[in-house]
Amino acid sequence: MKVTLKIWRQPDAQAQGAMRTYELDGVSTDMSFLEMLDVLNEDLIAKGEDPVAFDSDCREGICGMCGLMINGQAHGPEVTTTCQLHMRSFKDGDEIVIEPWRADAFPVVKDLVVDRGAFDRMIQAGGFISVNTGSAPEAHSVPVPRDDAIRAFNVATCIGCGACVAACPNGSASLFMGAKITHLGELPQGQPERDSRVVGMVSQHDAEGFGGCTNIGECTAACPKEIPLDVISQLNRDLQTALRHGH
Amino acid sequence: MTDMPDTTLTSDPSHDAPGEPADDAAGYYTPGDPIRDTKAPEGPISERWQTRKFEARLVNPSNRRKLDVIIVGTGLAGGAAAATLGEAGYNVKSFCYQDSPRRAHSIAAQGGINAAKNYKEDGDSVHRLFYDTVKGGDYRSRESNVYRLAEVSTNIIDQCVAQGVPFAREYGGLLDNRSFGGVQVSRTFYARGQTGQQLLIGAYQAMERQVAAGTVEQFTRHEMLELIVVDGKARGIIARDLVTGEIETHLADVVVLASGGYGNVFFLSTNAMGSNVTASWRAHRKGAYMANPCYTQIHPTCIPVTGTHQSKLTLMSESLRNDGRIWVPKKQSDCEKDPRDIPEEDRDYYLERIYPSFGNLVPRDIASRAAKNVCDEGRGVGPAVDGVRRGVYLDFSAAIERLGRDGIEEKYDNLFDMYARITGENPYEVPMRIYPAVHYVMGGLWVDYDLQSTIPGLFVTGEANFSDHGANRLGASALMQGLADGYFVLPHTIRDYLADGPFEKIDENHPAVVEARKSVEDRVAHFLNTQGTRSVDSYHRELGNIMWEYCGMERTEDGLKKAIDLIRTLKDDFWRNVKVLGTADTLNQSLEKAGRVADFLELGELMCIDALNRRESCGGHFRAESQTEDGEALRHDDQFAYVAAWEFAGDGEAPVLHKEDLAYTAIEMKQRSYK
Chain A
138 MKVTLKIWRQ
148 PDAQAQGAMR
158 TYELDGVSTD
168 MSFLEMLDVL
178 NEDLIAKGED
188 PVAFDSDCRE
198 GICGMCGLMI
208 NGQAHGPEVT
218 TTCQLHMRSF
228 KDGDEIVIEP
238 WRADAFPVVK
248 DLVVDRGAFD
258 RMIQAGGFIS
268 VNTGSAPEAH
278 SVPVPRDDAI
288 RAFNVATCIG
298 CGACVAACPN
308 GSASLFMGAK
318 ITHLGELPQG
328 QPERDSRVVG
338 MVSQHDAEGF
348 GGCTNIGECT
358 AACPKEIPLD
368 VISQLNRDLQ
378 TALRHGH
Chain B
723 MTDMPDTTLT
733 SDPSHDAPGE
743 PADDAAGYYT
753 PGDPIRDTKA
763 PEGPISERWQ
773 TRKFEARLVN
783 PSNRRKLDVI
793 IVGTGLAGGA
803 AAATLGEAGY
813 NVKSFCYQDS
823 PRRAHSIAAQ
833 GGINAAKNYK
843 EDGDSVHRLF
853 YDTVKGGDYR
863 SRESNVYRLA
873 EVSTNIIDQC
883 VAQGVPFARE
893 YGGLLDNRSF
903 GGVQVSRTFY
913 ARGQTGQQLL
923 IGAYQAMERQ
933 VAAGTVEQFT
943 RHEMLELIVV
953 DGKARGIIAR
963 DLVTGEIETH
973 LADVVVLASG
983 GYGNVFFLST
993 NAMGSNVTAS
1003 WRAHRKGAYM
1013 ANPCYTQIHP
1023 TCIPVTGTHQ
1033 SKLTLMSESL
1043 RNDGRIWVPK
1053 KQSDCEKDPR
1063 DIPEEDRDYY
1073 LERIYPSFGN
1083 LVPRDIASRA
1093 AKNVCDEGRG
1103 VGPAVDGVRR
1113 GVYLDFSAAI
1123 ERLGRDGIEE
1133 KYDNLFDMYA
1143 RITGENPYEV
1153 PMRIYPAVHY
1163 VMGGLWVDYD
1173 LQSTIPGLFV
1183 TGEANFSDHG
1193 ANRLGASALM
1203 QGLADGYFVL
1213 PHTIRDYLAD
1223 GPFEKIDENH
1233 PAVVEARKSV
1243 EDRVAHFLNT
1253 QGTRSVDSYH
1263 RELGNIMWEY
1273 CGMERTEDGL
1283 KKAIDLIRTL
1293 KDDFWRNVKV
1303 LGTADTLNQS
1313 LEKAGRVADF
1323 LELGELMCID
1333 ALNRRESCGG
1343 HFRAESQTED
1353 GEALRHDDQF
1363 AYVAAWEFAG
1373 DGEAPVLHKE
1383 DLAYTAIEMK
1393 QRSYK
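Protein sequences, first through last, are from chains A and B. Each residue of the first sequence is one higher than the one before, counting from 138 in the numbering used here. Each residue of the second sequence is one higher than the one before, counting from 723 in the numbering used here.
Some hints could be false.
[As the list claims (entries may be wrong)] Capping the alpha-carbon separation at 35 Å, the derived lysine-lysine pairs in DSBU-like fashion look like this: (1) Lys-1301/B - Lys-139/A; (2) Lys-1301/B - Lys-228/A; (3) Lys-1240/B - Lys-1381/B; (4) Lys-1133/B - Lys-184/A; (5) Lys-1293/B - Lys-184/A; (6) Lys-1283/B - Lys-1381/B; (7) Lys-1133/B - Lys-228/A; (8) Lys-228/A - Lys-1059/B; (9) Lys-184/A - Lys-1059/B; (10) Lys-228/A - Lys-143/A; (11) Lys-143/A - Lys-1301/B; (12) Lys-1381/B - Lys-1392/B.
Keep in mind the hints are simulated off the structure, nothing from the lab.
Take these sequences, add in the hints, and give me the full structure.
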């Protein structure tokens, strides 16, 4: 099939970007979305034009490196990562608009590549349990109720792709943050640092320029791992508690 | 999978006469002196690690902050090491090519992590895990290393639980286990189908905590392009900032490579797009020996290739073989039919037919090769790519009848969803199609018991080294090895080396530093100035085709020699005719790939030479010349019970082969049989 691609091209962080239009023929429905872009890039190289820069690594939906706004939707029309989206979700003759994540806290590096370093810095601000290597107690010394473990796991599946931020009209990273707060907060091992964790992460979140949450819910709709919206309630509850404790 | 009986074959019905010296690779290599692991202590195997830990010298805490450690790679092996060495107080610099340490490809491991906890009280022990791993590796790994791996496995689970890794649990709140590939005990800890992700996030968070504490400095979107060796010691790296293009010099007292495996030499593999051999290969060219490079693990249950646009392959958990039945049509003329219209009597359940006792649960290498054979016969299914149908059915209809659709959903729903998303077919209604794909490499840089390479001050951990899996890795053991190396082995052994430091400061103008830097700059300039006609990917794809055809599931003397010729021709063309657009001072993904493919071309040739030299079949390495009358792999312990450690001898020069003899004192060598 044949598609018309409108792609954001921006040579580097400082340069002014613009949408460019490309026609691509011979697209197979079995191709993944990123393989379609690989084919476009091979065409561009053959013509002597700079290929489109985009991020991807595992291409199996788990590393979180890929992420594009496709026709205005983070990761496109399916509930999955960009790398797992396939061209059978599109029709012959479709026009597809491809942009990078749009958020102040994720500056564009080049074309469709953005800088998500803010997520690392939020984890540095408290998204961990302080336990030095070798100092851990026997694994069975602390039982964890099965339901708590399942809840912790479900939200720990966050891949840090940033779709939640890109989808949010406020550019908030509350879903990302709530997922980490809930993951560690559900487990007995996470309790000693529960207050300092939420305060640290929220402060860093705000310092990075992410917006506030106004319960719109676009984040959870765009999340390829279906992190539920109630992690943000947990986040707010934990923050209240920490502040009450005098943090 | 269940365990395989040990059957020691008394006769030797292979094509080769027993004991006959074989030197297929004569002319392709230069024989070198034997090599020996001088660090493994003597004494009972169960005491060696304790002995080494005690004998390894200590570094005073106040001296640690004067010692600089570079770690390349942030997967389980690199991330865990960065966290642990940071906690200990060393100055750590951590490098990864991705935009965050959390992206490293350890994240994609699905199944689980082995540990000899014996929580099921089913007879597991350190010794049994050790035994299973040596046997699974087809008696081509080093006993001392494997024993240590089994020994520290239990500490890993304790550490990860304390970090908040949400392992699966039973109703009583204790940890759940399942059994996995080739063993009879339940010792695999797991977090649904995302164990690698959860373990990596644990290591990543521990590392980020050290970044906040100021002991670890992280360099993301940086790629190591050269090793700096001064007076015979590894003293730093040259790295390229992938965003600004700046070529940077980073000096240190010690360098750790935790840069993963090189399965992408096959172009199509289950590795991440960026996984590459460059860090290891640059070190190899500077004097680090490469061990057993031909040992490749090919996983039988991957989604088949659909066309020439294919960029990577996706693995589906091996657990599917517990309930799915594998078949192809008996007649070629049926291969295009809807499988549901092919009656039972026209189906060939070839694994059940050839291996009646293990059936669909034969080990990975056997299942993979059998799939290749039926497709080579023209009985493959699915779309034809380059004229051949490369796929076999994995059919759940019997299991759905037996367990109901609900029963199958409960067990495999996420895998069925993934399959449906990628193929557009509903596996509840139409049989899945699968085909083997390159998944893991057992080969890697040679290291001694301390995980130190043949370059003093260069340590290698995780998949990047060769040490623990012999010729075949058992399921759920890659995660175990990565974390064992990173958390519990390297931090002890590296201190013995660092006890002599801090080493004399070196200047950025030191001739060795200038030379390393210049070689990187020259290479970058060469790629951009060549202005040839072929894209980097087209070379990579062609190399992958050569490797898959001649150095894949089945290797022959003639095929390997042909591959070496083809690779040499391709390499020459690559250096003269590659087309890399853009500039060096921005994000330039074609330029990044060009450097990686240049190194894959050299590695591919060495893999073929290694495979040519090893005229035996062992684990993932199958030489058609060395098989039993039944077509099974046949080892030649009298000739090949050694690690092949290859020394780089210069461009265009034959590599030098150093042999490390493998001695088995705790376990008796036996031939595998699965009939």
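Now for the hints, and whether the structure bears them out:
no. : hint                    : in the structure
1   : Lys-1301/B - Lys-139/A  : 27 Å, holds
2   : Lys-1301/B - Lys-228/A  : 33 Å, holds
3   : Lys-1240/B - Lys-1381/B : 34 Å, holds
4   : Lys-1133/B - Lys-184/A  : 49 Å, violated
5   : Lys-1293/B - Lys-184/A  : 24 Å, holds
6   : Lys-1283/B - Lys-1381/B : 22 Å, holds
7   : Lys-1133/B - Lys-228/A  : 34 Å, holds
8   : Lys-228/A - Lys-1059/B  : 27 Å, holds
9   : Lys-184/A - Lys-1059/B  : 41 Å, violated
10  : Lys-228/A - Lys-143/A   : 16 Å, holds
11  : Lys-143/A - Lys-1301/B  : 25 Å, holds
12  : Lys-1381/B - Lys-1392/B : 21 Å, holds
Consistency note: the structure conflicts with the earlier hints numbered 4 and 9.
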